[in-house]
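Chemist: The residues making up each chain are set out below.
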Amino acid sequence: MAPPRLIFVTGKGGTGKSTVAAALALALSRQRPTTLADLDRRNSAARILGTAASGAIETLALTPRAELEAFIARIVPLRAISRRMLRSRTFGYVTAALPGLEAFLMLERLRLLAGTAARDDRYAVIDAPATGHALELLTVARGIRGLAPGGTLNRLAAAVEDFLADPNRFGAILTVAPGELALRETLAAAAALRDELRVGWIAAALNCVAAPLFSAGEIAALADYPGHARLAATRRRCGRDAAETRRALERAGLRVIELPMIFAAELDRAALETLGRRLAAEWAPQ
Amino acid sequence: MSGNKPPALALDDRRLLVCLGPGGVGKTTISAALALNAALGGRAVDVMTVDPAPRLLDALGLSAADSSLQPVELGAMGARRGGRLRALKLDPKRVFDRLIERHAPSAAARDAILADRIYGNLSNALAGVADYMAMEQLLEIHQAPGADLIVLDTPPAAAALDFLDAPRRMLELLGSRAVTLLDAAGGAMRGPFSMLDLAARAALGAFDRITGLRLLGDVRNFVRNFSGMYAGFAERAAAAEAILRDPRTLIVIVAAAERERVAQAVEFLAALDAIGLKAGAVAVNRMRPPPPAADAIAGARGIPPALRAKLRANLADFAALQRRERAALDALRAAIPKDLELLFADDLGHEPRSLADLAAIARSLRPA
Numbered sequence: 001m002a003p004p005r006l007i008f009v010t011g012k013g014g015t016g017k018s019t020v021a022a023a024l025a026l027a028l029s030r031q032r033p034t035t036l037a038d039l040d041r042r043n044s045a046a047r048i049l050g051t052a053a054s055g056a057i058e059t060l061a062l063t064p065r066a067e068l069e070a071f072i073a074r075i076v077p078l079r080a081i082s083r084r085m086l087r088s089r090t091f092g093y094v095t096a097a098l099p100g101l102e103a104f105l106m107l108e109r110l111r112l113l114a115g116t117a118a119r120d121d122r123y124a125v126i127d128a129p130a131t132g133h134a135l136e137l138l139t140v141a142r143g144i145r146g147l148a149p150g151g152t153l154n155r156l157a158a159a160v161e162d163f164l165a166d167p168n169r170f171g172a173i174l175t176v177a178p179g180e181l182a183l184r185e186t187l188a189a190a191a192a193l194r195d196e197l198r199v200g201w202i203a204a205a206l207n208c209v210a211a212p213l214f215s216a217g218e219i220a221a222l223a224d225y226p227g228h229a230r231l232a233a234t235r236r237r238c239g240r241d242a243a244e245t246r247r248a249l250e251r252a253g254l255r256v257i258e259l260p261m262i263f264a265a266e267l268d269r270a271a272l273e274t275l276g277r278r279l280a281a282e283w284a285p286q
Numbered sequence: 001m002s003g004n005k006p007p008a009l010a011l012d013d014r015r016l017l018v019c020l021g022p023g024g025v026g027k028t029t030i031s032a033a034l035a036l037n038a039a040l041g042g043r044a045v046d047v048m049t050v051d052p053a054p055r056l057l058d059a060l061g062l063s064a065a066d067s068s069l070q071p072v073e074l075g076a077m078g079a080r081r082g083g084r085l086r087a088l089k090l091d092p093k094r095v096f097d098r099l100i101e102r103h104a105p106s107a108a109a110r111d112a113i114l115a116d117r118i119y120g121n122l123s124n125a126l127a128g129v130a131d132y133m134a135m136e137q138l139l140e141i142h143q144a145p146g147a148d149l150i151v152l153d154t155p156p157a158a159a160a161l162d163f164l165d166a167p168r169r170m171l172e173l174l175g176s177r178a179v180t181l182l183d184a185a186g187g188a189m190r191g192p193f194s195m196l197d198l199a200a201r202a203a204l205g206a207f208d209r210i211t212g213l214r215l216l217g218d219v220r221n222f223v224r225n226f227s228g229m230y231a232g233f234a235e236r237a238a239a240a241e242a243i244l245r246d247p248r249t250l251i252v253i254v255a256a257a258e259r260e261r262v263a264q265a266v267e268f269l270a271a272l273d274a275i276g277l278k279a280g281a282v283a284v285n286r287m288r289p290p291p292p293a294a295d296a297i298a299g300a301r302g303i304p305p306a307l308r309a310k311l312r313a314n315l316a317d318f319a320a321l322q323r324r325e326r327a328a329l330d331a332l333r334a335a336i337p338k339d340l341e342l343l344f345a346d347d348l349g350h351e352p353r354s355l356a357d358l359a360a361i362a363r364s365l366r367p368a
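Protein chains in written order, with this note's numbering: chain A, 1 to 286; chain B, 1 to 368.
Bear in mind the hints are in silico, worked out from the structure with no lab data behind them.
As the structure is a prediction and not an experimental result, all values here were calculated from the model.
A portion of the hints provided could be inaccurate.
[Unchecked claim] The following label-pair restraints were derived from C-beta to C-beta distances:
#	chain 1	residue 1	chain 2	residue 2	range
1	A	77	B	68	30 to 38 Å
2	B	78	A	191	37 to 45 Å
3	B	334	A	165	43 to 51 Å
4	A	283	B	66	29 to 37 Å
5	A	270	B	326	29 to 37 Å
6	B	295	A	65	53 to 61 Å
7	A	270	B	199	52 to 60 Å
8	B	326	A	47	16 to 24 Å
9	A	73	B	68	47 to 55 Å
10	B	295	A	1	50 to 58 Å
[To be verified] Okay, derived cross-link-like pairs now, DMTMM-like style, lysine to aspartate or glutamate, Cα gap no bigger than 20 Å in a straight line:
#	chain 1	residue 1	chain 2	residue 2
11	B	278	B	341
12	B	278	B	339
13	B	93	B	208
14	B	310	A	136
15	B	310	A	218
16	B	93	A	136
No residue lacks a Cβ here, since even glycine has one placed at the ideal position from N, Cα and C.
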């Protein structure tokens with residue numbers, strides 16, 4: 001099976017969203033030219049990729065303002081007038097009173113990006129905002145349909161909703177770290193994606209997975225070496241938390257991609273390659 | 001229990017502590033821990049949390065459905081005389097509704113706004129509104145009697161300014177000049193307009209029709225209803241700004257020993273600086289204890305060789321992680337002013353699930 005043309009990577013803050021997006025883009029770029037787009041205003045994924053970026057990866061920063069300007073230019077073809085309109089306070093007021101408009105235009109841009117990717121046989125990976133903001137962004141199409149019962153925006157919003165539900169064009173990866181806090185947020189986000197937005201392709205990327213390495217008995221035998229006992233216990237807890245989180249994700253019916261904890265002094269190219277291979281294995285022929 | 005005063009971060013003369021920082025570093029935990037610690041030290045503390053984890057809610061005795069200030073049972077924790085803690089969970093929508101109720105010029109205006117589709121959209125589009133409402137909630141607590149220290153957790157944000165700049169953006173949104181322009185866009189002409197303005201207004205009208213939003217009329221009504229409240233909002237925004245700039249306010253940036261989080265923390269500091277605010281400290285959360293010495297097990301009898309090999313491998317793994325953390329901390333040290341207090345807080349190895357856990361985190365806070 002081929003990956004969706006556009007993969008939207010989100011997750012709780014601190015679970016490795018940008019790292020996963022960078023690694024995924026690196027792996028997909030081995031197969032086809034790939035666009036790595038940042039929605040977080042910080043270009044984190046592009047920075048993590050750093051010198052690992054090659055000619056096959058194009059990086060892109062999307063901002064709501066630029067999307068709004070492009071949209072206005074599309075429907076008001078006279079540049080002097082569209083510029084004037086964008087500058088006018090009244091228009092600023094309309095867009096400010098309707099925060100969903102800029103977000104919606106970002107979504108519309110993602111839909112176009114996936115369309116281009118399908119046409120040119122490419123992939124696009126999106127380093128999206130953290131779960132809360134990402135869900136607000138993805139649900140905005142429905143809100144726009146409610147606000148604009150007819151007209152251009154209504155038509156575009158319907159197209160965006162179809163796009164999100166099409167597993168060939170749109171996929172969502174939720175990054176999650178072992179532990180209850182991230183698990184809870186992931187399960188809620190997955191339910192919202194599946195049930196409210198009808199997203200057809202969802203996977204959880206379980207990050208920082210390590211083997212427990214030690215049994216409880218072995219740790220008990222280390223009473224004379226408290227420092228080592230503590231570190232062994234930490235390792236065991238890491239491993240067990242990861243296994244438990246995996247089971248909970250699977251119980252919720254989620255596809256789980258396990259990513260190993262990178263025990264290295266630097267998250268370098270080799271580390272990104274390792275993570276990327278694990279992610280891409282999801283689509284390897286059986 | 002004595003010695004609850006943290007060894008670092010003196011809060012004695014402070015009235016407000018604001019925790020800012022990127023998402024996922026434990027801002028809420030640090031906020032709650034510092035609030036608890038101050039309460040145990042004898043202060044009357046109110047803490048406002050944003051989206052706390054269920055276990056933290058339990059630890060504080062809060063319910064997910066309630067967004068009012070609730071007393072936290074300190075019981076066996078042994079607070080000093082006068083020490084008490086109240087906590088609340090921010091509910092931006094309710095704060096916004098209260099704000100409207102307070103400032104609406106009449107009951108009719110209030111009902112009109114609460115029922116307005118634009119208001120519904122505005123108050124549910126949480127991204128910007130949550131920031132503003134956190135600030136508004138701060139004012140509510142600040143003006144209510146009782147607390148001599150307020151601890152404020154902030155919504156997760158990509159940039160510090162999202163939060164600090166919220167009152168100003170809100171005022172801009174409600175700016176009275178927009179009302180005049182909208183009235184003009186709606187029909188009646190006031191003041192001088194150039195041909196280009198006329199064309200832009202025509203384009204705006206076309207935009208409204210083509211997009212199918214049919215918003216202009218609604219926006220105009222909304223702005224008219226809202227304009228009666230402008231003075232009230234402006235006053236609140238000015239008050240919030242004054243509190244942030246008060247010398248008794250301490251801003252703490254919460255970070256983690258990770259390259260990206262450090263870069264974000266440094267960006268937060270620059271953003272504060274740009275608007276003339278200063279952070280009092282950077283607190284690096286979830287610091288792992290240093291790994292034990294390798295030679296302790298080198299010649300140890302009683303440890304089977306297979307176990308010893310695993311211990312060595314484990315040690316090497318965690319030592320590598322520690323080198324990564326140290327590099328991030330070096331970058332942090334190099335990027336922040338020398339006189340800025342740098343603090344570490346310990347990693348408990350699990351998510352905090354009790355007041356004792358929070359107290360332990362606060363006690364672990366120490367100069368780097």
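Chemist: A separate judgement is required for each hint: does it hold in the structure or not?
Modeler: The hints, checked one at a time:
no. : hint                       : verdict
1   : 77/A to 68/B: 30 to 38 Å   : violated, 53 Å
2   : 78/B to 191/A: 37 to 45 Å  : holds, 42 Å
3   : 334/B to 165/A: 43 to 51 Å : holds, 48 Å
4   : 283/A to 66/B: 29 to 37 Å  : violated, 46 Å
5   : 270/A to 326/B: 29 to 37 Å : violated, 20 Å
6   : 295/B to 65/A: 53 to 61 Å  : holds, 59 Å
7   : 270/A to 199/B: 52 to 60 Å : holds, 58 Å
8   : 326/B to 47/A: 16 to 24 Å  : holds, 20 Å
9   : 73/A to 68/B: 47 to 55 Å   : holds, 48 Å
10  : 295/B to 1/A: 50 to 58 Å   : holds, 52 Å
11  : 278/B to 341/B             : holds, 12 Å
12  : 278/B to 339/B             : holds, 12 Å
13  : 93/B to 208/B              : violated, 28 Å
14  : 310/B to 136/A             : violated, 46 Å
15  : 310/B to 218/A             : holds, 10 Å
16  : 93/B to 136/A              : holds, 15 Å
Violated hints for the displayed structure, listed by number in ascending order: 1, 4, 5, 13, 14.
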